[in-house]
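First to last, the sequence lines map onto chains A and B.
Going by the numbering used here, the letters in the first sequence line up with residues 1 to 282, in that order.
Going by the numbering used here, the letters in the second sequence line up with residues 1 to 156, in that order.
Read the hints as simulated data drawn from the structure, not as lab findings.
Each hint should be verified, as a subset may be incorrect.
Said to hold, decoys possible - Taking lysine-lysine pairs in the DSS-like style, the calculated list, with each CA pair at most 25 Å apart, reads:
no.: 1; chain 1: A; residue 1: K62; chain 2: B; residue 2: K38
no.: 2; chain 1: A; residue 1: K87; chain 2: A; residue 2: K180
no.: 3; chain 1: B; residue 1: K81; chain 2: B; residue 2: K69
no.: 4; chain 1: A; residue 1: K87; chain 2: B; residue 2: K38
no.: 5; chain 1: B; residue 1: K23; chain 2: A; residue 2: K87
no.: 6; chain 1: A; residue 1: K54; chain 2: A; residue 2: K180
Claimed, not checked - What the simulated footprint calls covered on chain A by chain B, stretch by stretch (three residues with Cβ under 8 Å from a Cβ of chain B suffice, anywhere in the stretch; the number is not a length):
no.: 7; stretch: 48–59
no.: 8; stretch: 112–120
no.: 9; stretch: 199–213
no.: 10; stretch: 251–265
Given the structure is predicted, the values throughout are model-derived calculations rather than measurements.
Ideal Cβ positions, reconstructed from N, Cα and C, are used throughout, including at glycine.
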Amino acid sequence: MAAEGKMTPTEYINHHLTNASVGEGFWTWHVDTLGIGIVLGAFFIWLFARVGRKATVGVPGKLQCFIEMVVGFVANTVNESFHAKSKLIAPLALTIFVWVFLMNLMKLIPVDWVPTFFGSLGVLFAGDLAKGYVSADAGFLERVMDHPWSYMKAAPTTDLNTTLALALGVFVLIIYYSIKHKGVGGFVKEMTMNPFNHWSMIPFNLVLETVTLLAKPLSLSLRLFGNLYAGELIFILIAMVGLWQLPMHFAWAVFHILVIVLQAFIFMMLTIVYLSMASEKH
Amino acid sequence: MNITVTLIGQSIAFVVFVLFCMKFVWPPLINAIEQRQKIIADGLAASERAEKDLENARATADEELKAAKVQAAELIDQAKKRAAVLVEEETQRGHAEREKIIASGYAEVEAERNRVREELRKQVAVLAIAGAEKIIEREIDAQKQSDIVEKLVAEL
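The following block holds chain A by itself, in its conformation from the complex:
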């Protein structure tokens, strides 16, 4: 952080791409990712469970209509793509879709709002946490941006930890479904006897299949993370161009409405497809 005056562009970008964190090394907790992610997830569960508890079979209200539309959409997608029977897959798909969508949605909040808001709170109520890079007579905004609380990032999906956590959950389920539907033997056989069905090719097959297997969660998490992180970066860059940022931000935000829904949908869809593949017998 600059000792005095304004941040340089590099500092600004770095600031906005750094998570608010507590702890060191591996034991670093990304407070923003966890906090906002959990709040959004809890909001999703609360809203949907509330509507579900009050759901009438008769004429639904407008909120119930909307929620049912989302649920119906997910149910249709699951029914079309997943042919085995499972009580888990549809709620899983719904959770992924809505949670990822909500976390992506946070990206439409202008990039300075959340850091400024939490930074201001920090300066006002926890000023002693400031690292003191900025002299006490610096302007309020500089002190705000210097405060550790100002590192709050709005969209948890721009943190690889979130997307990888989701993908790992799916990965575990892929293995679970593979073993459940094909048996341990079937799973091992699939890993070693594909694509070349000969004993001498087992090591080669194993390497190939392992890559195939690992590519699934990796591609899932990196696709979502990459899209969102890059979009976030563009938002930050746009935020630095002065007055022209208003139309540019608008255009990019409109485009991102599409990305937000699409990425959530892709994540859900691929989850269903991977699990469907895992539970198919050859």
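Fit chain B to the known structure of chain A by using the hints.
Same frame as chain A, but now just chain B:
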């Protein structure tokens, strides 16, 4: 940017959310949707059935109306025939009665005429005898000559 313990935290959050969704979110919502679908399907089926029933009822009513009309026409026809028969019978009976009355009248008149003629004949005979008596009073005993008078009466 690094992979940190946040990953574990988010994984736990993810698992918890999925479990909550499985337990508290998905079942009631999908139940409501499916039940409503069933109700709507039932309603549509019922309306279709009702329409069919209505059509059937209309057809039945039409048929019954037609049958009733036919029956009514038959009844009227029968009644007409019966009336004609009755009139015919009555007429014939009347004719017969008239003939009988006329015949009996003739017979009565004939009987009366015969009676009167007999009476007249008797009186003529008495008159004749009285005249004859008066003529021949002095020499002929009425009693002795009565057989002649009887013969006379029979000849008249």
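Original post:
If you check each hint against the structure, which ones fail?
Top reply: 6, 8, 9, 10
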